Amino acid sequence: MNNKLFITLTPGKTFIDRLTGKTKVRLFILMIFILTATWDLRVIAPFFVLSIVMLISIKPDVKRNVAIIVFVLLMNLFNFFLTWIVRPDYGLTMVGASTVLFRFTDFFVVTAETLWYFLVRLVKFMASFLISLTFIQSITPSELAAGLHSIKVPYKICTIVSLAFRYIPDIHRDFNNIQISMQTRGMELDSRKAGLLTRMKQYVLILVPLIITSFDRIGNIANGMDLRGYGKKKDRTYYCEHDDVKGDKILRPLVWIFLLLLIGLWVLKIVYKPPFEVWAPWIK
Amino acid sequence: MSAVIEFKDFSFRYRQQQEFTLHDINLTIHKGEKVLILGPSGSGKTTLGNCINGLVPFSFNGEIKGSCKVFGMETKEESIFKISEHVGTVQQDADAQFVGLSVGEDIAFSLENDMVPRDIMLEKVDQTATVVGMENHLLSVPYNISGGQKQKVALAGILHNDVEILLFDEPLAALDPAMGMNAVDLIDKVYREQEKTVIIIEHRLEDVLYRHVDRIILINEGRIIRDTTPNELLRSDTLKANGIREPLYISALKNAGVEFNETDELDSIDDLKIERFKDQIVSDFRKVELKPVHRSDEKILEVKNVSFNYSDGFPALKNISFDLYKGEKISVVGSNGAGKSTLAKLLCGIIRPKEGEVIFHGENYLKYSIKELGTHIGYVMQNPNQMLVKDMIRDEIELALKLNHFSEQDIASRVESTLKMTGLYNMRNWPVSALSYGQRKRVTIASILALQPEVIILDEPTAGQDYLRYTEIMNFIEELNEKYNITILFVTHDMHLAIEYTDRAIVFHDGEMIGDDVVYKILSNDEIIKKASLKKTSLVTLAQKAGIDPEQYIHYFIEKEKEERKQ
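So the sequence lines, in the order shown, correspond to chains A and B. Start counting the first sequence at 17; every next residue gets the next number (the working numbering). Start counting the second sequence at 154; every next residue gets the next number (the working numbering).
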């Protein structure tokens, strides 16, 4: 099967791949929370470096990853441009000062603070994005379920997550088949020959049989699960959740450090209530 | 022997339905028995199975009369979990019940639910995977293994916990002939080695009888018709009357006028004692003169040295060449993944050749779009539910015409003639949801016919169908071919279909075309049969035993069946 999605189904061999779902999920959630909690480049920068190292370490498909990273990067820059057009002096609200570097007109100015803010935002966003990319490409859906379960998410919710991943490729295949049959019946899905609205309407037609066949399947899946005792007990164990490997033991202190860091950031925010969110070295 | 399952005056009605699905079932199954529950589609056989494994009333609620005891437990008073500790079920849809993301994980599913610690779980998974021969595939993902392998995984998944009864619901439905034989063999092996009680629910009698069963329970319209030994059932005439296909060698013997008596061992062609029947078979047999095949000399499609590979580099078609004539009935056979479906897609223009060319009426077909080709070459999918998009039959049939921008007048007249051709005229304003499976199939064919194509490609038209529906669908298609001279191409692994309804077969194996000949020649060619994972038909064995040339014997059998069908 050609896997068009980024989902990994078979565990890989690198350091991160071999970790337990438990460690992967914890690290991921903590890192994302930390990155959301702060606008301080001194905190964000190390995570940015770390995210690059992590992504490279799992030896991902270069072509696919570069393509999506470039795309996200461009979208971000475009977004900055739009922000700047609307509020050229946005840095004032976020950083708390306005040092004009260049002036197009009275309104359209380039300030050091706005640039700084954009820089922080870019690094912050890219770090979160690269971490997510690493996470998605190094965890199998079952590990994800097991990992979520290890942080006390009810197992029925975890099952929904892993089942969704299990059947997405099947639904995708059904969709393709239905599309083919509709095309031979004369449905024009070529963008050069049919307008967007027509194509949208036609895709709705494809959805009808797709939904019906999917419902049939859901019934079968549910029965298959009942017959094998799903929901018999209050809890369950996971086949894929292997014992801790060396990596898990090495990373355990890191999980604690991240947790403390996160709590620290929250506490700081509550105690100090900084008037401006973004830290900049030249502002006291 | 102690009774493990006991039905007493048992009846069941689904909550959504008016009528009872099962009536007055009285049935006892003993420990260590191997039982076949046989019945046509809609006979209630699957419902009966669901009463045994507890899905009735756990998942399918309704009204129960009488009693059904499994290991002394009254099923309506017990939880499905309690029953599943004793009864392991392999469901029909091996793909849907594969809930894990790897083979190992799926086998472990019931252990996970039972909170078995992981170290014990690994050991048990290894054990049962070895029983079914999947121990080297534990890391494989469900998308990369075959239907047969999925079924093995499902079986492994229920062998834990020392279940005593193994229940198989239509285990052969999704398998090609060779895989089906393997499945029957595996069930038998597990039955013998693990000393379980085995219940198989099927309508494909001959395929199940590939290995011995102790008892057959024939069920139809929710009632038990016969509860007897295979031999006695095969002797009788109850099978055909109840929509079950007889094994071909039994039909052949009956056609030859053989009278069976009580000592005849009939349930296995290999053990059949031919001496008693030989003279009759030989005297009945006569050589059939080669008749010109019903087709014109006009070539519709010429496939010339076509190769195709998917983007992952896997070669799906290798240097294929054949011609398709107007009015032909042709079957494309081969195991799953041999290239049959790729060929169908190629002919519809959904994929185009990487090398070689396809000539349509003397012109390279690259000049036509999928849509244009679609009006000449229709494609009917295997599952009608994947094709039907409208609520009303009439709308469904109109759809292709509207999409192709026919004028209102043309649409009205074509819809009317299509409705008449397909016998759907009286139902034209019915909602599609009110139709049976066979009727839906008919509507999908009608929706393609409306475009008045010259060729119709049907993908597994009879998959999962019992003999009655199978005959209904196939006779209908045959009629279209004969009356309207439409060229029909079946993509199938059903050898019965190929034998009875087509003149010519193209055989695929690993993307290569390894045979293109009249059907009876293909079927008597051992090498092709083996390579293409087909099953040697029992007619060949019977002919060999009787000392007749198998090729001619099959030919004779086909002609005789055709004559009978015409009457």
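You may find that some hints are simply not true.
[What the hints assert, rightly or not] Here are the simulated EDC-like pairs of lysine to aspartate or glutamate, each with C-alpha atoms no more than 16 Å apart in a straight line: (1) B:LYS235 to A:ASP242; (2) A:LYS172 to B:ASP267; (3) B:LYS719 to B:GLU635; (4) B:LYS555 to A:GLU204; (5) B:LYS636 to B:GLU607; (6) A:LYS249 to B:GLU607.
Hints are computed from structural coordinates only; laboratory data are not their basis. These figures come from a predicted structure and were not determined experimentally.
Structure-based check of all given hints:
{"no.": "1", "hint": "B:LYS235 to A:ASP242", "verdict": "holds (11 Å)"}
{"no.": "2", "hint": "A:LYS172 to B:ASP267", "verdict": "holds (14 Å)"}
{"no.": "3", "hint": "B:LYS719 to B:GLU635", "verdict": "holds (12 Å)"}
{"no.": "4", "hint": "B:LYS555 to A:GLU204", "verdict": "holds (12 Å)"}
{"no.": "5", "hint": "B:LYS636 to B:GLU607", "verdict": "holds (13 Å)"}
{"no.": "6", "hint": "A:LYS249 to B:GLU607", "verdict": "violated (59 Å)"}
Hint check: a violation occurs at hint 6 only; the rest are consistent with the structure.
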